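S.K.: Residue numbers (the working numbering), protein chains in the order written: chain A, 1 to 199; chain B, 1 to 624.
No lab work stands behind these hints, which were simulated from the structure alone.
Since the model is a prediction, treat every value here as computed from it, not as a measurement.
Nothing false has been slipped in among the hints.
Sample of chain B residues with no beta-carbon within 12 Å of chain A, all distances over it, derived:
1) Cys-47
2) Glu-265
3) Met-557
4) Arg-580
5) Thr-583
The list that follows gives simulated cross-link-like pairs (lysine to any residue, SDA-like), each with its CA atoms no further than 20 Å apart:
6) B:Lys-351 to A:Cys-197
7) A:Lys-190 to B:Arg-247
8) A:Lys-147 to B:Arg-336
9) A:Lys-190 to B:Asp-352
10) B:Lys-329 to A:Pro-81
11) B:Lys-351 to B:Met-156
12) A:Lys-147 to B:Thr-374
13) A:Lys-77 to B:Ile-375
14) B:Lys-101 to B:Ala-36
15) B:Lys-108 to B:Ala-36
Positions of the beta carbon are idealized from the N, C-alpha and C atoms, including for glycine.
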Amino acid sequence: MATPHNLRVGVFVCECGRNIAGTVDCGAVSDFAATLPDVVVVKQNKYTCADPGQMEIRNAIAEHKLNRVVVASCTPKIHEPTFRNCVREAGLNPYLLEMANIREHVSWVHQDDPAGATRKAKDLVASAVARARKLEPQVEAEVPVTKAALVIGGGVAGIQAALDLADAGHQVYLVEKEPSIGGIMAALDKTYPTMDCSI
Amino acid sequence: MMDVGRHPRIQLFTHSEVETVTGFVGNFHVTVRKKARYVDETACNACNECVAVCPVAVPDAYQQGFSSRKAIYMPFPQAVPSSYLIDMDACLGNNPIACGKCADVCEKHCIDYDAKDEIVPLEVGAVIVATGVEVYDPTEYDEYGYTRYENVITSMEFERLICAGGPTAGHFVRPSDEQRPLRVGFIQCVGSRSLSPKGNPYCSNICCMNTVKDTLLLADHYPDVESTVYYMDIRAFGKGFEDLYRRSKEAGVRYLRGLPGHVREDPASRNLVVTVEDTNTGHRLEEEQDLIVLACGVIPRQNGGNVKHLLNLSQTADGFFMESHPKLKPVDAPSRGVFFAGCAEFPKDVKDSVTQAGAAASRAGILLSTGKVTIEAITPVIDTEFCTQCGICAKVCPYGAIRPPDARTGRYPEVIEAACSGCGTCAAECPMDVIAMRHFSDAQILGQIDALLEDHPEEKVLAFACNWCSYPGADLAGTNRSQYPAHARLVRTMCSGRVDEDFILHALMRGAAMVLVSGCHFADCHYINAVTWTQKRIEKLWNRLDRLGIRPERVQMEWISAAQGTKFASVMAELDRLRRTVTPEEIEAAKTILAAEFEKKAERLRKQRARMKSQREKEEVDVA
Ligand SMILES: Cc1cc2nc3c(=O)[nH]c(=O)nc-3n(C[C@H](O)[C@H](O)[C@H](O)COP(=O)(O)OP(=O)(O)OC[C@H]3O[C@@H](n4cnc5c(N)ncnc54)[C@H](O)[C@@H]3O)c2cc1C
Ligand code: SF4
Numbered sequence: 001m002a003t004p005h006n007l008r009v010g011v012f013v014c015e016c017g018r019n020i021a022g023t024v025d026c027g028a029v030s031d032f033a034a035t036l037p038d039v040v041v042v043k044q045n046k047y048t049c050a051d052p053g054q055m056e057i058r059n060a061i062a063e064h065k066l067n068r069v070v071v072a073s074c075t076p077k078i079h080e081p082t083f084r085n086c087v088r089e090a091g092l093n094p095y096l097l098e099m100a101n102i103r104e105h106v107s108w109v110h111q112d113d114p115a116g117a118t119r120k121a122k123d124l125v126a127s128a129v130a131r132a133r134k135l136e137p138q139v140e141a142e143v144p145v146t147k148a149a150l151v152i153g154g155g156v157a158g159i160q161a162a163l164d165l166a167d168a169g170h171q172v173y174l175v176e177k178e179p180s181i182g183g184i185m186a187a188l189d190k191t192y193p194t195m196d197c198s199i
Numbered sequence: 001m002m003d004v005g006r007h008p009r010i011q012l013f014t015h016s017e018v019e020t021v022t023g024f025v026g027n028f029h030v031t032v033r034k035k036a037r038y039v040d041e042t043a044c045n046a047c048n049e050c051v052a053v054c055p056v057a058v059p060d061a062y063q064q065g066f067s068s069r070k071a072i073y074m075p076f077p078q079a080v081p082s083s084y085l086i087d088m089d090a091c092l093g094n095n096p097i098a099c100g101k102c103a104d105v106c107e108k109h110c111i112d113y114d115a116k117d118e119i120v121p122l123e124v125g126a127v128i129v130a131t132g133v134e135v136y137d138p139t140e141y142d143e144y145g146y147t148r149y150e151n152v153i154t155s156m157e158f159e160r161l162i163c164a165g166g167p168t169a170g171h172f173v174r175p176s177d178e179q180r181p182l183r184v185g186f187i188q189c190v191g192s193r194s195l196s197p198k199g200n201p202y203c204s205n206i207c208c209m210n211t212v213k214d215t216l217l218l219a220d221h222y223p224d225v226e227s228t229v230y231y232m233d234i235r236a237f238g239k240g241f242e243d244l245y246r247r248s249k250e251a252g253v254r255y256l257r258g259l260p261g262h263v264r265e266d267p268a269s270r271n272l273v274v275t276v277e278d279t280n281t282g283h284r285l286e287e288e289q290d291l292i293v294l295a296c297g298v299i300p301r302q303n304g305g306n307v308k309h310l311l312n313l314s315q316t317a318d319g320f321f322m323e324s325h326p327k328l329k330p331v332d333a334p335s336r337g338v339f340f341a342g343c344a345e346f347p348k349d350v351k352d353s354v355t356q357a358g359a360a361a362s363r364a365g366i367l368l369s370t371g372k373v374t375i376e377a378i379t380p381v382i383d384t385e386f387c388t389q390c391g392i393c394a395k396v397c398p399y400g401a402i403r404p405p406d407a408r409t410g411r412y413p414e415v416i417e418a419a420c421s422g423c424g425t426c427a428a429e430c431p432m433d434v435i436a437m438r439h440f441s442d443a444q445i446l447g448q449i450d451a452l453l454e455d456h457p458e459e460k461v462l463a464f465a466c467n468w469c470s471y472p473g474a475d476l477a478g479t480n481r482s483q484y485p486a487h488a489r490l491v492r493t494m495c496s497g498r499v500d501e502d503f504i505l506h507a508l509m510r511g512a513a514m515v516l517v518s519g520c521h522f523a524d525c526h527y528i529n530a531v532t533w534t535q536k537r538i539e540k541l542w543n544r545l546d547r548l549g550i551r552p553e554r555v556q557m558e559w560i561s562a563a564q565g566t567k568f569a570s571v572m573a574e575l576d577r578l579r580r581t582v583t584p585e586e587i588e589a590a591k592t593i594l595a596a597e598f599e600k601k602a603e604r605l606r607k608q609r610a611r612m613k614s615q616r617e618k619e620e621v622d623v624a
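Whole structure, please, built from the sequences with the hints as guidance.
M.R.: Structure below.
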């Protein structure tokens with residue numbers, strides 16, 4: 001685990017074509033990022049999520065011995081899994097990645113205020129770097145699963161779910177509070193839309 | 001139904017209820033109470049001799065009370081399991097030996113009056129909740145006269161009266177005189193789509209098509225019957241539905257747009273007079289019917305509470321179980337490893353129930369087939385050295401994922417990782433600050449706050465946004481290009497429940513003009529009810545700020561869903577307006593006050609820790 005003494009952060013600023021760069025001064029953001037503590041490399045890309053962009057991250061991790069990665073681009077809701085994979089492939093624990101959302105939360109919502117947008121983008125990068133410096137590698141725990149299912153309620157839905165699971169090879173326990181399964185449907189005469197018998 | 005009874009991999013427990021559930025995804029420990037049937041279902045061959053001799057008759061619930069059954073009975077002819085049981089409440093006296101007729105005639109000796117409930121333990125990896133719905137009881141709609149007028153019946157009662165297996169062997173007659181009605185009126189939306197305190201606000205989904213079906217059955221069996229449907233909208237939205245609706249109209253069924261205000265009985269004929277406004281013409285009509293069928297809606301299972309607590313489920317305002325995500329995870333419960341099938345989630349017809357059941361089985365099957373679950377590394381770690389075993393963490397956990405401490409036995413709270421979803425409420429509420437959230441630690445969040453407020457904090461709005469609603473709400477504002485002032489700085493947490501009061505105060509101490517805590521609406525909270533702790537915390541904080549002489553309005557709380565991009569933008573605009581009202585003097589004063597508050601807290605914790613330490617050392621000496 002990287003101790004706070006040998007932190008090496010890489011920052012990757014994405015232009016997202018004109019999506020970010022059209023409003024935010026990405027050059028200024030990159031220059032600013034280079035001044036932040038423990039940042040050893042800053043790269044700017046047209047599309048960081050594309051193969052060349054990801055390649056650049058992987059190369060930088062190797063070349064600059066990065067142990068924290070910050071990507072300033074779109075929302076983590078879209079590409080966090082992408083970049084987590086990318087750093088994992090380069091041998092870094094995926095929890096050592098942090099993103100700054102400078103598209104959805106900046107360039108797209110402050111189109112009339114490029115100066116304000118650039119200031120905000122810098123702050124978000126500073127925030128991401130600050131967070132990255134405190135990140136720690138994490139291991140996801142794995143627990144075994146008991147291969148059986150409980151179905152509560154024996155109406156048509158519970159019956160169908162139980163049959164599907166059992167047909168798929170799983171043990172099923174179906175618990176029905178009434179003396180017979182069937183639910184409401186068992187009390188119906190005919191059912192729409194087919195107008196056939198319900199039982 | 002029969003397939004379930006026969007399937008080698010399905011063990012059926014009828015007349016049974018789940019009594020306890022502990023454990024977590026992949027590892028649930030369940031106990032089931034198998035209630036005594038008093039008839040050995042494995043030996044019984046359904047000869048029916050017992051029923052013939054039983055002297056007790058009670059109303060038959062299956063037949064909606066239109067006929068009777070015995071105290072020893074089979075629920076209905078096609079029942080699965082195909083076995084009798086004794087209704088002990090009806091069986092003669094508390095001492096069944098006083099009668100004992102059924103046991104006397106049973107040649108296979110299946111009957112055991114002393115049978116006891118059995119408790120069966122089960123181990124399962126996944127749970128499917130398919131507890132369905134109940135039919136709405138229309139008695140409170142007094143204007144329709146259900147229970148006062150015999151010839152006003154419910155749609156469920158209609159089912160039994162038209163059914164060949166019903167109490168009248170399918171001869172459709174009305175209750176008062178067992179005569180065949182020639183004029184039948186159906187009243188729609190009874191108990192549904194109601195804006196008054198009576199009934200429920202939602203559409204029950206099935207009653208329109210059920211009525212269309214009923215009119216077709218009548219037209220089919222009795223071409224001379226005149227049916228009238230009183231409705232406000234006919235919702236025939238599904239595949240093949242419009243076609244059935246058209247067929248019903250072609251069969252001569254009259255659809256009158258207007259819900260009756262009133263139904264009254266003519267005491268002589270026992271016919272019913274309906275007062276209704278035809279909203280298409282504006283005419284007020286009085287119409288006579290021989291029989292009225294109330295198209296009753298459906299309501300959540302009233303015993304749903306039991307299942308709800310057993311599995312830590314939440315309900316929407318309607319009372320139906322809430323799914324993990326209404327669009328993207330419609331059959332997953334918020335608690336991992338639990339899935340919904342059928343009407344338990346919301347009223348739906350058989351086809352949709354079956355479809356959803358397939359989806360739930362598939363979702364559960366993925367879990368079972370994978371054979372293992374990974375737990376996202378965002379769970380809490382409790383440093384027990386300075387834990388006072390107060391138990392607040394266990395109390396606030398929406399998932400019961402913290403085993404409560406016990407000061408008497410010396411047990412410390414323990415995180416059950418697989419049950420935890422990482423909301424962080426425990427860490428925010430721990431009075432000793434000894435709970436660290438992995439990947440959302442205090443140091444990480446405070447580091448973000450400091451970085452965001454390093455430069456010109458007085459111009460900034462620091463906003464905490466939860467991962468599931470407010471943060472994606474802000475994303476949506478972006479996708480929609482909703483513009484707002486560039487002063488907001490967001491910090492993402494999994495849940496607003498993670499936002500420690502200290503984070504907010506820290507931001508104010510760093511000079512932020514405004515702080516926003518935003519999370520999911522109560523009904524959407526992705527951590528069951530964690531957001532209620534957010535609210536309590538912020539309300540307490542407002543009082544505290546007030547006492548300290550800091551304007552409480554500088555801390556705002558908003559619920560913004562993932563679909564509310566526009567709301568996010570307007571909240572930001574409003575916060576920017578408020579930001580401009582905050583004076584530099586105010587900010588400076590708050591900074592000084594809060595620095596002193598933090599110093600006081602640090603001192604308190606220091607002292608308490610020292611006390612705990614010396615106490616512990618003393619105990620160790622005593623033991624030695
Ligand atoms: C009058 C009427 C007419 C209808 N007509 C049609 C039609 O023509 N066509 C159509 O497609 N749909 C029709 N429906 C809808 C149809 O009945 C439902 O879609 C279907 O019954 C839903 O099945 P379910 O399994 O979800 O729920 P249910 O049928 O309600 O079954 C739930 C089961 O769970 C059991 N249960 C509940 N709580 C517990 C517990 N705690 N422990 C154990 N067991 C429990 C209940 O006893 C019940 O057996 C009609 C509904 C009504 C009310
Ligand atoms: S399905 Fe039809 S009758 Fe039922 S509540 Fe909805 S609109 Fe009313």
